[in-house]
Amino acid sequence: MWLLGQLRWWLLFALGMSLLPLFISPGTLRIFIFANFLAMFAMSWDILSGRTGYISFGHPFLIGIAGYTTAMLTYHLNWPLYITIPTAVVTTMIGGTLFFLPALRIRGTYFALVTLAFMELMYHSMQVVQPKLTGGTRGLSGLPTLVSGAVPNYYLSFLVMFAIGVGLWLLIRTRLGIALSAIRMDEDAVRSSGLNTTRLKLFAFMVSAMVAGIAGALYTHYLGSIAPRGIFEINFLFTILVAALLGGAGTIIGPIIGAYFLTFLLELLRPYIPGAGRYLIYGVIALVLYYYVPKGLYSLFERLRERFFRPRPDPQSD
Amino acid sequence: MTDLLEVRDLTRTFGGLRAVNGLSFHVGEGETVGLIGPNGAGKTTVFNLIMNELRPDSGEIFFKGEAISRYPTHERVKLGIARTYQVPRPFAEMTVGENIRVGMLPDNLWKMVTEEAEEALETEIGRSVGFNNHQIAQRPSELAMGDLRRLELARTLAVQPSLLLLDEVFAGLTLGEIDQISELLVERKKHGLTYVMVSHDLRSMAPLVDRVIAISFGEIITEGTFNEVVNNKTVQEAYLGQ
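First to last, the protein sequences are chains A and B.
Per the numbering used here: the first sequence = residues -15 to 302.
Per the numbering used here: the second sequence = residues 11 to 252.
One should not assume that every hint holds.
Claimed, not checked - Simulated DEER-style distance windows between Cβ atoms: (1) A:L(-4) - B:A130: 27 to 37 Å; (2) B:E125 - A:G208: 56 to 66 Å; (3) A:L186 - B:N142: 22 to 32 Å; (4) B:N142 - A:L(-12): 27 to 37 Å.
Just so you know, the hints here were simulated from the structure itself, not pulled from any lab data.
Predicted model, so just to flag it, every value in this text is computed and none were measured.
Where a beta carbon is used, it is the ideal one built from N, C-alpha and C, also for glycine.
Required output: the full structure, derived from the provided sequences and hints.
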């Protein structure tokens, strides 16, 4: 009962989203599918960077590990997806940890730069190292899909995004969430409180890598193809970051809001400003929002919720 | 008196400067010690070395008879050493209660996730340093300097230390706030808390310590009772630069 009370907004959101295919066209649903995937990527970034303050520029690296693992296993070995996708998630967690573990000992800009270097490394490696396996610059295409059609893909992407969102949201509401936030505010003071911050950061990273792995593998099979230029591109990285920051970093719900907002903003601008020009408009809108709502769109929802649904003060407390 | 802390021949240099130079001292269980010295004497560096926030070039630190020089900071805290900072370092986006909660967190991920926060105990710790319920729900930005010092103290007490390192707890406080903190420390001392206190406010320190160690340029000049140390000619020269 307590859990249902906590989750009432999530359940309302799920109800609304599950009815959506009844009212909108498959074309619009496809935009929602992209928004769902972007939300997963942004939440993956948020649980590590939004919470602990360790800004990762390397999330496409993690998404790429998952995408390429499942793509190569299905393309070359014809393994079924129910094996390749979990394998890809585990590979992302292990591979990502091996690369990122040394980086978790450095802070601030250095951490961000090291993670960016990993992304670049992966971009070039995928093109020149064993191109027969990776497909080189053209990547791999003709990959099997989990489901076909806009509606099944919409439900699949939403279901996974929703499960990840609820899971992470519940996780950050525990004392672990407090500990991770404290690292962002003052890591030395957390250590001085008797907590092993390396273990905490590693845990946040593993969860982040797991989510990136799930999302990356599913995204690859939704598209049916993977290429280095699509994954390890700076625009893809910035879209993830902007979605998380615009929505409200460190909140899990914020990145979902940010992902939907951003995806639809870009789509709405498409008829009026074709090509890269719309990125300019979206950049301006993002800047304006950062200026006026620095804590993200989620903070607006919070303010509204506090205004209209503020719990009545308990007369028993002094 | 059994030694709770023993520092043996501790040395730390920063470039050409020997901030701590072969320093040795001990603190007995239940004892309260003042560490004094002019600016740059190495007092805070000693605390940083005891907490492993800085690594010593040489020397050993023993706590409850155990060599802890290889232990990371969080392990030393778990053994029972905790510190406050010269400049209070609260978790700015958290309430006073949540700040105290960080100090109470178990160093165990599973317990962090599965066990509920002990809000009643958080409030009790908050109240024990003089916060009321309203203040416990406030954020550090809404607090005065004296409250921030008390918050620092509350978060440190939440880890249930057996040795507390207090770095300039009276700095920037009004006389009333100094009295509040002093009363709190006297109360804790009665309950057997051991602490080492660094302060420039010697008058406030006087009734709170059993013994004083004076250092200059990272070396001990003298040690003894408060009156013995402050009346020592070398100590006076070190302070006045004569």
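Status of each hint after checking the structure:
no.	hint	in the structure
1	A:L(-4) - B:A130: 27 to 37 Å	holds (33 Å)
2	B:E125 - A:G208: 56 to 66 Å	violated (45 Å)
3	A:L186 - B:N142: 22 to 32 Å	violated (39 Å)
4	B:N142 - A:L(-12): 27 to 37 Å	holds (34 Å)
The structure fails hints 2, 3 (numbered hints given earlier, in ascending order).
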